[in-house]
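*Asks:* Protein chains in written order, with this note's numbering: chain A, 51 to 469; chain B, 182 to 420.
Mixed in with the good hints there might be a few duds.
[Said to hold, decoys possible] Partial chain A-side listing against chain B, Cβ under 10 Å, derived: (1) N64; (2) R65; (3) S113; (4) V115; (5) Q116; (6) D382.
Hints listed in this document are in silico derivations from the structure and should not be mistaken for laboratory results.
The beta carbon of each residue, even a glycine, is placed where N, CA and C say it ideally should be.
The chain contents come next:
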Amino acid sequence: MKHLFLLALKSAWNRRFTLSLTVIAIALSVAMLLGVERLREQAHEGFSQSIAATDLVVGARTSPVQLMLYAVFRIGEATNNMTWASYQYITKNPLIAWSIPISLGDSHHGFPVLGTTPDYFTHFHYGDAQLLTFKQGKPFKTTFDAVLGAEVAKQLNYKLGSALTLNHGMSSAGPQHGDKPFAVVGILAPTGTPVDRTVHISLEAITAIHLDWVAGAPMPGFSIPPKYVKKFDLAPKEITAALIGLKNRAAVFKVQREVNNYAKEPLLGVMPGVALEQLWQVVNVAEKSLMAVSAMVVVVGLSGLVAVVLAGLNERRRELAILRSVGAKPRDVFVLLSCEGLFITILGIIFGVLLLTILTTLFAPIAQARYGIAIQASSLSLAELRLLSVVMLVGLLASLVPGYRAYKLSLLDGLTPRI
Amino acid sequence: MPNATSRIVIRDLVFRYPGMASPCLDITSFQADAGDRIFLYGPSGSGKSTLLGLLGGVLAAEKGTIHLLGQDFSALTQSQRDRIRADHIGFIFQQFNLIPYLSVIENVLLPCRFSPRRLAQTLSDDNSPTLAAERLLGQLDLHPALWKKPVTQLSVGQQQRVAAARALIGKPEIVIADEPTSALDADRQAVFLDLLLRECNNAHALLLFVSHDQRLATAFNREIDLTTINRAVTENLTA
Chain A
51 MKHLFLLALK SAWNRRFTLS LTVIAIALSV AMLLGVERLR EQAHEGFSQS IAATDLVVGA
111 RTSPVQLMLY AVFRIGEATN NMTWASYQYI TKNPLIAWSI PISLGDSHHG FPVLGTTPDY
171 FTHFHYGDAQ LLTFKQGKPF KTTFDAVLGA EVAKQLNYKL GSALTLNHGM SSAGPQHGDK
231 PFAVVGILAP TGTPVDRTVH ISLEAITAIH LDWVAGAPMP GFSIPPKYVK KFDLAPKEIT
291 AALIGLKNRA AVFKVQREVN NYAKEPLLGV MPGVALEQLW QVVNVAEKSL MAVSAMVVVV
351 GLSGLVAVVL AGLNERRREL AILRSVGAKP RDVFVLLSCE GLFITILGII FGVLLLTILT
411 TLFAPIAQAR YGIAIQASSL SLAELRLLSV VMLVGLLASL VPGYRAYKLS LLDGLTPRI
Chain B
182 MPNATSRIVI RDLVFRYPGM ASPCLDITSF QADAGDRIFL YGPSGSGKST LLGLLGGVLA
242 AEKGTIHLLG QDFSALTQSQ RDRIRADHIG FIFQQFNLIP YLSVIENVLL PCRFSPRRLA
302 QTLSDDNSPT LAAERLLGQL DLHPALWKKP VTQLSVGQQQ RVAAARALIG KPEIVIADEP
362 TSALDADRQA VFLDLLLREC NNAHALLLFV SHDQRLATAF NREIDLTTIN RAVTENLTA
């Protein structure tokens, strides 16, 4: 067997220029397949890592997925807010251990601005129930303090003490809250979650910057300078959503029911896990089609392999006859040709994985910055290994085609090929 | 009863390709012994390739028997016949005898890869298979400088000598040469033939030399016209 492998290797090496194109095709298709799988895995991972230890997310009534998307992942915008009074009423429930109000809607250079209370820094969990940690500085204390996520500080090159102004709405082309600058008092350590891309300010600050605003625009001819905002009541009227942690997990359905049945305002309480599951169901269709397309591309790559090896076969009938004359069995010829396809598949897979590793290393920072998806050039996951072994298996089956053809030819030709 | 020393014995052999109405080979009797240097004259269409296929065991007879070194081919499987070919027969063809992606030495050593017996027999005279290959190449007047060259850069005559070394390595009992000189000019034909005959003598191998060029026949101790022993040809011609 060993000498057949060597023979197949030498033969393939002899035709390396033709075969390398096939290797490239397979490598590209494998890289694509793995890339899609890795993106999928890491998006799932990213989403599930974004929130932990939170039992309920509460907001104005909408779809659970929608609520999760804007309240936790900062994707899209809230259509409705919930009143501060409702929030206060609901969180009075003795079953509740902690709660974090969040108020969204403004932005800074495209990064979402989140108004909250200092509780955010003591109760918000991500990943495997980790708390946020400060790389520098401390939580906000006064009205115009801001705490930056790691990515915000890194990209905009902000340090402690840097001044920044906010935009109204999510567009950086929208109206400015230019008259009320904030100072950076804290920068969080990286988390690999949307927190990294968030500017945190107090709920009071959200009220303060909108004091002189009406219906989403500055009141013409009227402006309140920052030093006077303290004279106004800065207690929030509305918030976007609230994250709630319970003393006892088992009570989650009870609290959820109370939220959903709250009479004064239509509210929605969702369990993050359940909402995520729904989100996956939505995304699943897209993922499946992407996977199907990538699988097709792999099949195209492997068909190319079969075509190239088969096309070369006719010119090699003399070679096969020589091998027969020195004692090769038709079976050996079969193994020889099948090995060749197998080598190409293996090489394609190796180069595909290498290619993907290079690409992810190159593009991980961009994906992190633009989409908040942390792609790691990690070692192969179990699911990826499973995919690769399927590719390998299909490659092996495909390689049997030229192997069988060569077997038939060598039986037909014997020692004297009829070319 | 075939002679025990006979290396090839053919009796009442009939062979027909699938789908053909009449047989293309019909040989009543043929026998070849160890010391024979047989010149087998066969113009194209005389069933030459078919006979070689049958002797090499890649084709199976429809009727009759072929004994190679006392073994009855008709009683053997394809795989067993492949083994006998690997172990006992060295082939040289007209041209393009060599595997282009193997070195000269690797080409010579090919039979040893498929036949443990021939691998073992290289060690009876030489310390290693490679040394056996080099010795044969030297005896066939192929200069060591050429051994390193890609086989595709060798001249046709040089390639045929490499093929001869390959046919002879591991001392097979039978060497079958199918028009090995037809691609060579007259001078080189004579040189090649001398070398081949000498090496077959050294190896005590039966040489079956097939050609349509009857001028070469004088160097051999037996001359057989395939058209006369193959009744299928005679019938076809008279029909």
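*Asks:* Could you run down the list of hints and mark each one as holding or not?
*Replies:* Hints, verified against the model:
no., hint, verdict
1, N64, "holds (3 Å)"
2, R65, "holds (8 Å)"
3, S113, "violated (64 Å)"
4, V115, "violated (60 Å)"
5, Q116, "violated (63 Å)"
6, D382, "holds (7 Å)"
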